[in-house]
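*Asks:* Make the full structure from the sequences, and use the hints.
Here the protein sequences line up with chains A and B, keeping their order. So in my numbering, spot 11 of the first sequence is number 11, and the numbers just go up one at a time. So in my numbering, spot 262 of the second sequence is number 498, and the numbers just go up one at a time.
Among these hints, one or two may not hold up.
Only part of the chain B face toward chain A is listed, based on derived beta-carbon distances under 7 Å [claimed, not checked]:
hint: 1; residue: G302
hint: 2; residue: E304
hint: 3; residue: T306
hint: 4; residue: G395
hint: 5; residue: E396
hint: 6; residue: E398
hint: 7; residue: A405
hint: 8; residue: I427
hint: 9; residue: S429
hint: 10; residue: Q491
Simulated from the structure, these hints should not be mistaken for laboratory data. This one's a predicted model, so the numbers in the text were calculated from it and none came from an experiment. Yeah, the Cβ is synthetic: ideal placement off N, Cα and C, and Gly gets one too.
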Amino acid sequence: MTESSTPAAPSATGPILRAEHLGRRIGDVVLVEDVSFELPRAEILAIVGPSGSGKSSLLRLLNRLDEPTQGTVYLQGVDYRQLAPRELRRKIGMVTQRAFLFPGTVADNVRFGPRQRGVSLPQDQINKLLTDVGLAGYVDRDISNLSGGEAQRVSVARALANDPVVLLLDEPTSALDESAKLVVESMILRVVRDSKLTCVIVTHDTQQATRFAERALVLDHGHVTKIGSVQEVLRA
Amino acid sequence: MLEHWFTGQLGLGLAQAGVAALAALVVVLLARRRQIHLESETAIALVRGLVQIVAVGFLLVFLLKGPEWTSVFLLAAMIVAAGMTSAKRAKGMPGARSVSIISIACGAGSVIAIMTWLGVIATPITSLIPVGSMLIANAMNTNGLALNRFRSEVLAHIGEVETALALGADPAQSVSHYSQSTFESSLIPAIDSLRSLGIVWIPGLMAGMLLSGASPLYSAIYQFVVLSMIFAASGLTSLISTVLMRAQVFSANEQLVLRPVMDKR
Chain A
1 MTESSTPAAP SATGPILRAE HLGRRIGDVV LVEDVSFELP RAEILAIVGP
51 SGSGKSSLLR LLNRLDEPTQ GTVYLQGVDY RQLAPRELRR KIGMVTQRAF
101 LFPGTVADNV RFGPRQRGVS LPQDQINKLL TDVGLAGYVD RDISNLSGGE
151 AQRVSVARAL ANDPVVLLLD EPTSALDESA KLVVESMILR VVRDSKLTCV
201 IVTHDTQQAT RFAERALVLD HGHVTKIGSV QEVLRA
Chain B
237 MLEHWFTGQL GLGLAQAGVA ALAALVVVLL ARRRQIHLES ETAIALVRGL
287 VQIVAVGFLL VFLLKGPEWT SVFLLAAMIV AAGMTSAKRA KGMPGARSVS
337 IISIACGAGS VIAIMTWLGV IATPITSLIP VGSMLIANAM NTNGLALNRF
387 RSEVLAHIGE VETALALGAD PAQSVSHYSQ STFESSLIPA IDSLRSLGIV
437 WIPGLMAGML LSGASPLYSA IYQFVVLSMI FAASGLTSLI STVLMRAQVF
487 SANEQLVLRP VMDKR
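*Replies:* Here it is, written out as structure tokens:
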């Protein structure tokens, strides 16, 4: 399952997340090529670029939903190939464009991650997570009765229930209507900043990148064309 | 009507086959009018089916004179052919052929072996091959349905499956809902056959036993026995198939590797 049976201990200092020459090819098709960056604790990095530039492909490499064909990722100083995929994904949470909620109630969804490792999330913790995302009182609501914005809030709470050290956001508001977009965006931003989460957001919206991130990485055809402070990179 | 025109048994048989195939072709033409193109697949299946069954007929005549142990090889060959046929129902599914052969071998094969050992299926080739082939054929259909359904379900829910993986679920858990619905739906034909036995249809085996002079009561009971064995063989095949398929669609690093055939990601 993993490539080493003796994973190293996480480093207390240094970057939380470090991609080193990360890449993925399928045959002759380059999806991501030679991407390297470091992400210190509580920093937010925006990955921007046109459609098909490899933004989502890069994000999927960061939590190993796809296998890199080149390079690797270090999470808290540990090569992620030394971690069991389930443990890695618990530590690197992900929120996607669509919420993809599981059938059942809001609470069932929030409990899902911890339940996978045999942990029963206490009710007060579920209530707190839902309050944080602006859904206090939604605990027993069936997911079929949620709006798109509410469903996305549940998916954020569900990802946070795993207590991740890094949160990956893949265009988290792009499937929402205009009125819900800004509300959900400000909620995510507040939650991420309050919890000092290290975060990578993929967005095609440079305004959103500016509102979210300190640094930006621009991808084009899978290659990094620019990386630096969001002001320098996006206003250049 | 045909018996007036064809006096010889062979001529009558070919004419009956022609008329029956014509009925199938009418359905194909009706489907074609609705832009559903089954022409070549159906034509090949009809010709292939006729050639195969005639060939097996000749082979059976030859094998009936041989020792009983030869039926083991014949059944094994049937299992391999059944596996390869049903694997075609899951284009793009990694390892579909090996999953099918193993599932049918374990599912139908074990039921045939146990039932033969217990004496429910008689050992002469004339009994073992026809009854065994019924179990294998039904296991093949169930396996084909299971492969097709599982593949469609997972492809239709890639987002949900990967969301579960991203939340730390193990592969089995991430597709458990689709494995369950696959198992249930693949057994619908076997359940319906049992449910409608004697009311909607009187199966060929029972009719054959009656024609050959067996007691009507024993013929009826044995038909029930055969359908129960079909259900057991199909159910076991589907159960094994869904477990094996689950393992095939994920990599060693718990990544979903099943993608639509045209997807080059």
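*Asks:* All hints are to be evaluated individually against the structure, with a verdict given for each.
*Replies:* Here is how each hint holds up against the structure:
Checking B:G302 against chain A: minimum C-beta separation of about 50 Å lies over 7 Å; hint violated. With 7 Å as the threshold, the beta carbon of B:E304 stays out of range of chain A, its nearest partner Cβ sitting at about 47 Å, so the hint is violated. A distance limit of 7 Å between C-beta atoms decides the matter here; for B:T306 the minimum to chain A is near 45 Å, and the interface restraint is violated. For B:G395, the suggested interface contact is upheld, since its CB lies about 4 Å from the closest CB of chain A, less than 7 Å.
With its C-beta approaching chain A no nearer than about 5 Å, B:E396 sits inside the 7 Å limit, and its interface hint holds. The beta carbon of B:E398 comes within 6 Å of a beta carbon in chain A, closer than 7 Å, and the hint placing it at the interface holds. Given the 7 Å rule on beta carbons, the hint for B:A405 holds: about 5 Å separates it from the nearest Cβ of chain A. The beta carbon of B:I427 is not positioned within 7 Å of any beta carbon in chain A (closest approach about 24 Å), and the interface hint is therefore violated.
Checking B:S429 against chain A: minimum C-beta separation of about 31 Å lies over 7 Å; hint violated. Among the interface hints, the one on B:Q491 holds; its C-beta lies about 6 Å from the nearest C-beta in chain A, closer than the 7 Å criterion.
When held up to the earlier numbered hints, the structure conflicts with 1, 2, 3, 8 and 9 and fits the remainder.
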